[in-house]
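Visitor: Now for the letters of each chain:
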Amino acid sequence: MRYALLVQGGPYSHQATHSALRFAEALIRRGHHLETVFFYHDGVYNAARLLAPPQDEPHLGDAWRRLHDEHGTRLQVCIAAGLRRGLLDEREASRHGKAGGSLEAPFELTGLGQLVDAGLSHDRLITFAP
Amino acid sequence: MSDESNLPSGDLLVVLRHGPHGSLWLREGLEAALVAAALGQRVSLLFMGPGVAALAANQQRGPLEQKGTLPMLEMLPLYEVEQLLAVEDDLVALGLGAECLAVPVERVGPAAVAALMARHPLVLNF
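Those protein sequence lines, which keep their order, are chains R and H. Counting in this note's numbering, the first sequence runs from 1 upward without gaps. Counting in this note's numbering, the second sequence runs from 1 upward without gaps.
Derived by calculation from the structure, the hints in this document are not laboratory data. Small disclaimer: the values here were computed from a predicted structure and weren't measured. All C-beta atoms in this analysis are idealised placements derived from N, C-alpha and C, irrespective of residue type, glycine included. Take the hints with a grain of salt, since some may be wrong.
Some, not all, of what chain R presents toward chain H, calculated at C-beta under 10 Å [stated by the list, open to error]:
1. Tyr12
2. Tyr40
3. His41
4. Leu50
5. Leu51
6. Ala52
7. Ala81
8. Leu83
9. Glu92
10. Ala93
11. Ser94
12. Glu108
13. Leu115
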């Protein structure tokens, strides 16, 4: 089956991200495809370029990047939710007169239309929220 | 109150469980509903729990300069979002009679919640 995940919990603050990553690994192990992860609400903080957890905690940002690198999973971040929380790529940063972006590839800023599209075009959309 | 056989169906059910001003859940849920409707999806909104407070008339901006969500509710008809439902018990708990509501809603019983989810292929929960 083709899966999409919707992550609405911030990294480390809530269990949502940890659970979403566990679920992602499990479904891939079972032969399903994780095509899209959409980050909304406080979930957008998962895309922060500068996440720096202590060494004895899992690096959640790297875990998402690994999913993209190994399985081609698209990592889409709601632009409206991201901008108001300070998650900007280089282009948005310069458009808003800010020095340096806080989000970089493989995470991509995208519109809420992509969430609706993910819900309609995948076999399953599973939400992870606090 | 409608019985289950009269419940609407659609492409997307947006469930709103948070009140205005205290968090961004309600605003970001309504934003998702409006975007889906603008893309031509048939959207139903279900207000439940503290989310029914979103329906109260005469809301202003929050005292901490939150924008409030009432203008978004008033825009719903422009986007052809006309299926608004609210859980009756939750309205009663907050003392929200029909005369207190900013927009007309269909009142449903708790059993309708599961039925509504079954009638929409996509459910987003806020």
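Visitor: Hint by hint, note whether the structure agrees.
Guide: Going through the hints against the structure:
no.: 1; hint: Tyr12; verdict: violated (19 Å)
no.: 2; hint: Tyr40; verdict: holds (7 Å)
no.: 3; hint: His41; verdict: holds (5 Å)
no.: 4; hint: Leu50; verdict: violated (22 Å)
no.: 5; hint: Leu51; verdict: violated (21 Å)
no.: 6; hint: Ala52; verdict: violated (25 Å)
no.: 7; hint: Ala81; verdict: holds (6 Å)
no.: 8; hint: Leu83; verdict: violated (13 Å)
no.: 9; hint: Glu92; verdict: violated (18 Å)
no.: 10; hint: Ala93; verdict: violated (22 Å)
no.: 11; hint: Ser94; verdict: violated (25 Å)
no.: 12; hint: Glu108; verdict: violated (17 Å)
no.: 13; hint: Leu115; verdict: holds (7 Å)
Comparing the model with each earlier hint shows violations of hints 1, 4, 5, 6, 8, 9, 10, 11 and 12; every other hint is respected.
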